[in-house]
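Visitor: Sequence:
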Amino acid sequence: MVEEDIQEKASTCETLLIFLSVALIILTLPFSLFVCFKVVQEYERAVIFRLGRLMQGGAKGPGIFFIMPCIDSYARVDLRTRTYDIPPQEVLTKDSVTVSVDAVVYYRVSNATVSIANVENAHHSTRLLAQTTLRNTMGTRHLHEILSERVSISGTMQLQLDEATDAWGIKVERVEIKDVRLPVQLQRAMAAEAEAAREARAKVIAAEGEQKASRALREASEVIGASPAALQLRYLQTLSAISAEKNSTIVFPMPIDLITYFLKSNDAATQQLAEAAIAAMDATEKQKTTETEKTS
Numbered sequence: 000m001v002e003e004d005i006q007e008k009a010s011t012c013e014t015l016l017i018f019l020s021v022a023l024i025i026l027t028l029p030f031s032l033f034v035c036f037k038v039v040q041e042y043e044r045a046v047i048f049r050l051g052r053l054m055q056g057g058a059k060g061p062g063i064f065f066i067m068p069c070i071d072s073y074a075r076v077d078l079r080t081r082t083y084d085i086p087p088q089e090v091l092t093k094d095s096v097t098v099s100v101d102a103v104v105y106y107r108v109s110n111a112t113v114s115i116a117n118v119e120n121a122h123h124s125t126r127l128l129a130q131t132t133l134r135n136t137m138g139t140r141h142l143h144e145i146l147s148e149r150v151s152i153s154g155t156m157q158l159q160l161d162e163a164t165d166a167w168g169i170k171v172e173r174v175e176i177k178d179v180r181l182p183v184q185l186q187r188a189m190a191a192e193a194e195a196a197r198e199a200r201a202k203v204i205a206a207e208g209e210q211k212a213s214r215a216l217r218e219a220s221e222v223i224g225a226s227p228a229a230l231q232l233r234y235l236q237t238l239s240a241i242s243a244e245k246n247s248t249i250v251f252p253m254p255i256d257l258i259t260y261f262l263k264s265n266d267a268a269t270q271q272l273a274e275a276a277i278a279a280m281d282a283t284e285k286q287k288t289t290e291t292e293k294t295s
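The opening position of the sequence shown corresponds to residue 0 in numbering that gives the first Met the number 0, with each subsequent residue numbered one higher.
Treat the hints as calculated values from the structure; they're not laboratory data.
These numbers were taken from a predicted model, which means no experiment stands behind them.
For every residue, glycine included, the Cβ atom is placed at its ideal position computed from N, Cα and C.
Treat the hints with caution; some may be incorrect.
[Stated by the list, open to error] Computed Cβ-Cβ distance ranges for the label pairs, DEER-style: (1) Y42 <-> A193: 47 to 55 Å; (2) R214 <-> L185: 40 to 48 Å; (3) Q186 <-> R107: 31 to 39 Å; (4) E198 <-> Y42: 55 to 63 Å; (5) T11 <-> E175: 52 to 60 Å; (6) H122 <-> L53: 17 to 25 Å.
Starting from the given sequences, assemble the full structure and let the hints guide the process.
Guide: Given below as structure tokens:
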């Protein structure tokens, strides 16, 4: 009963104030029209309160709308997408590495009435929540996941922010991680590790190349050894390649068998000369010994 009485008194008072406002409009015509009619743009909405209560019908606009002086108040709400650049956040990852991460959030007001009635400052609240969500999300990931899985992390953050801000009339459209800054010492360590890994791969590749080349050379030597004429053909092919380049100097390869023959002949002649020299030295020594004995 008490609540019903209060509601009846409030409705009576509201009706009286509305009547007085209408009377004021009529008395101050046409000047009151400049105060009563308002215009909002295509990308704006107007949330009207009458005697502190939210009017039925939701937000007004775009275009012209009517308010009553002294008893109506309204708030403009911009529906365009806004961009918030999250400042760099110092985050300790799951594997105990300190990194600095910054991101950008794209959001807009999806329900003008809720964004005014349910939260004091929807934009400020969304920005604070974006910073906290960024730190919490990065704190549950390893460093290699943060560096390699930015798209999935951004999608996870977008879903979390959109779900949390739905009660504020905010729609989070997109979240993008801009940069991940590592400590200088960690950058040097990672660079050294990557360089060592590249050098190891290069050595493995070079070793595999040498192994394949040695196998190919062995097969070629077997083919050439099976056919004596193949070596001569190879000599001629080499001469043809050299002459095609118009070089002034041509190196003609000598047959290895011929060189071996000369080497053997030289070795035999040298051995005979050495034996003759030794024999001559022995004869000279004997002659000196004989002369010495005769003299004595």
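Visitor: For every hint, state whether the structure bears it out.
Guide: Evaluated hints:
1. Y42 <-> A193: 47 to 55 Å: At 49 Å between Cβs, range holds.
2. R214 <-> L185: 40 to 48 Å: 44 Å Cβ-Cβ, so the 40 to 48 Å window holds.
3. Q186 <-> R107: 31 to 39 Å: holds (38 Å)
4. E198 <-> Y42: 55 to 63 Å: Given a distance of about 58 Å, which is inside 55 to 63 Å, the answer is holds.
5. T11 <-> E175: 52 to 60 Å: holds (56 Å)
6. H122 <-> L53: 17 to 25 Å: This hint holds: roughly 20 Å between Cβ atoms.
In terms of the numbered hints stated before, the structure departs from none.
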